[in-house]
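Novice: For reference, the chains in residue letters:
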Amino acid sequence: MSTVTFDKVTFGYDNKQIFSDFSFVFNLDCVNVVMGDSGVGKSTLLRLSMGLNKPSQGQIYCPECSVVFQESRLVEQLTVFDNIDIVLHRAYPDKKQRTKIIVNALQKADILQYAKRYPQQLSGGQRRRAALLRAFLYPSQVMLLDEPFRGLDNAIKQSLAKDFLMWYGDTPKTVIFVTHDVEVAMTVGDYIYKLQDNPANMRLLCDLSTVDKQNRDLYSPYFNKLRQQLNNVCEM
Amino acid sequence: MNKKQILITLIYPIVALVLFVTIWTLCALAYSKPLILPYFWEVLAELWKLLSQGSFYLALLATTARTLLGFLLATIIAWVLAQFAADNVHVRKVLNPIVTVLRSLPTMSVILLALIWFRSGILPVFVAFLVAFPLLYSSFVLRLTQDNADILEMCAVFKVPCRVRMFKLYPSILLSTLMRITDSILPLTLKVIVAGEVLANTVNSVGVNMQNARLNVETANLLAWTVACVVLCFVLQALVALVRYILRRTNVCPQ
Chain P
0 MSTVTFDKVT
10 FGYDNKQIFS
20 DFSFVFNLDC
30 VNVVMGDSGV
40 GKSTLLRLSM
50 GLNKPSQGQI
60 YCPECSVVFQ
70 ESRLVEQLTV
80 FDNIDIVLHR
90 AYPDKKQRTK
100 IIVNALQKAD
110 ILQYAKRYPQ
120 QLSGGQRRRA
130 ALLRAFLYPS
140 QVMLLDEPFR
150 GLDNAIKQSL
160 AKDFLMWYGD
170 TPKTVIFVTH
180 DVEVAMTVGD
190 YIYKLQDNPA
200 NMRLLCDLST
210 VDKQNRDLYS
220 PYFNKLRQQL
230 NNVCEM
Chain Z
0 MNKKQILITL
10 IYPIVALVLF
20 VTIWTLCALA
30 YSKPLILPYF
40 WEVLAELWKL
50 LSQGSFYLAL
60 LATTARTLLG
70 FLLATIIAWV
80 LAQFAADNVH
90 VRKVLNPIVT
100 VLRSLPTMSV
110 ILLALIWFRS
120 GILPVFVAFL
130 VAFPLLYSSF
140 VLRLTQDNAD
150 ILEMCAVFKV
160 PCRVRMFKLY
170 PSILLSTLMR
180 ITDSILPLTL
190 KVIVAGEVLA
200 NTVNSVGVNM
210 QNARLNVETA
220 NLLAWTVACV
230 VLCFVLQALV
240 ALVRYILRRT
250 NVCPQ
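Chains as they are written, first to last, in numbering that gives the first Met the number 0: chain P, 0 to 235; chain Z, 0 to 254.
Worth flagging that the hints you see were computed from the coordinates, not collected in a lab.
A hint or two may mislead.
Once the Cα atoms are required to be at most 25 Å apart in a straight line, the calculated PhoX-like pairs of lysine-lysine come out as [what the hints assert, rightly or not]:
| id | chain 1 | residue 1 | chain 2 | residue 2 |
| --- | --- | --- | --- | --- |
| 1 | Z | K158 | P | K95 |
| 2 | P | K172 | Z | K158 |
| 3 | Z | K167 | P | K115 |
| 4 | P | K53 | Z | K48 |
| 5 | P | K107 | P | K161 |
| 6 | Z | K92 | P | K53 |
| 7 | Z | K167 | P | K94 |
| 8 | P | K99 | Z | K158 |
| 9 | P | K99 | Z | K92 |
This is chain P alone, in the form it adopts within the complex (with noise of 0.2 Å):
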């Protein structure tokens, strides 16, 4: 099972009750994408899941996951190129075969210039490009991303679904990607979930994962109305 399983999880901060004997099981190598009102538990769901909060009852299996934040969360004092490095030690050992694997990467991505550079020295739109292949880079079954496009302009998050969609055609694997934007969760996702209400539960809004991400045209009549029937759902 490579999959992320709630079984029972119930979890609250202080005074307010985010889950409650919530059960969920995420759909295997495919892209699930969560959207929801803000303080609904999206970003807790996902803390849950790496391990970063523990649930007061119930159990969460996940297995070995990469991480996206909202943030990028690279280190301002290291480059690019250690920034990804010192995430990909353990499971490449040898440098030289790191190293190849790295600027491999950082060619395809074309941000291979980018390299040296500290992270204070990128644009947002780069870091992020750079937070994205870190955890692309980063071998695991499951990878978790939370709001990883927020605060970014249209044109660069459609570029970064783009990139998004290239590096998961090549390592396909078990997506949580949070967000709230409608034209990311239609470009990247499989299956369109809401999580809703308190204590929260999982709403599937939609599912297309019979519909391929890599040619999808989201103005097409389908895409148009799917595109309202959500902005409706999620009242954004």
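Since chain P is already given, all that's left is putting chain Z on it; use the hints.
Specialist: Frame of chain P, contents of chain Z only:
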């Protein structure tokens, strides 16, 4: 930097110096007892005299060496312990009360105790270490565990190995922290070193020369040594700025 910017950069320190000398001169005129408060130019004349003596440079050099040694020892030990403390909450919890006590120790009581324990050459270095270490350690730990808490979380999720954290991640963060705080801690170390030298009568030191000037009621001489100390502090800060500049230019430390 164009001429106008250079002028703007220089004008404020010059105004401050002129203001300071004016107030000093007015006070000296009002008090009119050169033995207690000499005129500024008398101090400069005394400093000029000192500049022609070899022992002056020897004392300055020895005090600088003690300052750097005390600071270096404190930095190395604080650095290593901070890395372990950042990596292990139990180490952090054990070290926290010790560092809190060290930070609260009255400097004078430490010097008096050190007078019993050490010979006069080592005493100032020991005292400087005890003053600088808790400040450096606290800054390092704070920087690693609080300012970079999200980075530590990232390392936990990506299972970054301990040796990578210890030899690559933490040192890079601590180097930039050290570059930022050296400006404030190095001058403090110099002050403590001089205080230690005064009380321990350390040979070949700025402190012992100050003490001798006080005993002989040579106020101008005492003030001349003080001015020399201030200049030494500026020189040390300029050296730190130079190191910071070189590290930035060579891309070793971006901040």
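Novice: Hint by hint, work out which the structure violates, then give me just those numbers in ascending order.
Specialist: 4 and 9
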